[in-house]
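Student: Heads up: the sequence lines are chains A and B, in that order. Residue 4 is where the first sequence starts when you use this note's numbering, and the numbers rise one by one after that. Residue 2 is where the second sequence starts when you use this note's numbering, and the numbers rise one by one after that.
Hints listed in this document are in silico derivations from the structure and should not be mistaken for laboratory results. Every residue gets a Cβ at the ideal spot worked out from N, C-alpha and C, and that includes glycine. Hints may be right or wrong, so weigh each one.
As the list claims (entries may be wrong) - Computed footprint of chain A on chain B; a stretch qualifies when at least three of its residues, placed anywhere within it, have a C-beta under 8 Å from a C-beta of chain A: (1) 41 to 49; (2) 90 to 96; (3) 102 to 109.
To be verified - One side only, chain A facing chain B, incomplete, derived with CB under 10 Å: (4) V7; (5) A44; (6) S52; (7) L106.
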Amino acid sequence: DQQVKQNSPSLSVQEGRISILNCDYTNSMFDYFLWYKKYPAEGPTFLISISSIKDKNEDGRFTVFLNKSAKHLSLHIVPSQPGDSAVYFCAASEDNAGNNRKLIWGLGTSLGVNP
Amino acid sequence: KAGVTQTPRYLIKTRGQQVTLSCSPISGHRSVSWYQQTPGQGLQFLFEYFSETQRNKGNFPGRFSGRQFSNSRSEMNVSTLELGDSALYLCASSSPGSGSPLHFGNGTRLTVT
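My request is simple: use the sequences and hints to build the entire structure.
Tutor: In structure tokens, the structure reads:
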């Protein structure tokens, strides 16, 4: 049973607009969340993370929002660029210090940004 | 700084054989984790090694094993291969310290026929 769910397998947006990728989780013990981006034939690349003691973390064009009561997090990319086209993975762990390398992953959302 | 290097990139084996995959972490990284990626299951945690000791383990059968050497390089071994072991095997390294993200290699694509 998937403990981390990304219900949208794919998403298409126009260049310059906002991309919103969603992730839901079921395990209330999760307290550290990460987003990774993956291009074909490459390994995942870390984007941004958030601890459960926060509800928002921002890094440049990327912002992650966490709603603990809803067990939901989202990644916002503003403005979206064609180079952002990739598969985005949400991952979670039971360690808000971020020391736990055992991550539980969603199945990914393929984002396409159209010029 | 060189990234995480995994060898080989591609491998074809037959059922019943065994296979060894290799991972060289980023210089200075002492933690190495292994993941299996399949289309239906996504990325699943195999195990993590730190300072030559297995620190954490996922829910895989004993046919999957690993080790880490004193230079932090790691190997993963799968014995008695099954068709379902066909997957992309990803290695990731990380530096000590809380919040340090995983840095992944490009993976080894294993096909079992």
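Student: All the hints need checking, so say for each whether the structure fits it.
Tutor: These are the hints, each one checked on the structure:
Residues of the region 41 to 49 of chain B with a Cβ under 8 Å from some Cβ of chain A number 5, which satisfies the need for three, so the listed coverage holds. With 3 residues bearing a CB less than 8 Å from a CB of chain A, the region 90 to 96 of chain B meets the requirement of three and the coverage assertion stands. A count of 7 residues in the region 102 to 109 of chain B with a Cβ less than 8 Å from any Cβ of chain A is obtained; the coverage claim is therefore met, three being the minimum. Annotation: A:V7 was flagged as interfacial toward chain B, and the flag holds, the nearest CB pair being 9 Å apart, inside 10 Å.
With a least beta-carbon distance of about 7 Å to chain B, the hint placing A:A44 at the interface is held under the 10 Å criterion. Residue-level restraint check for A:S52 holds (minimum Cβ-Cβ distance to chain B is 7 Å; threshold 10 Å). Given hint, A:L106 at the interface with chain B, holds; its Cβ is 6 Å from that chain's nearest Cβ, closer than 10 Å.
Checked against the numbered hints above, the structure violates none of them.
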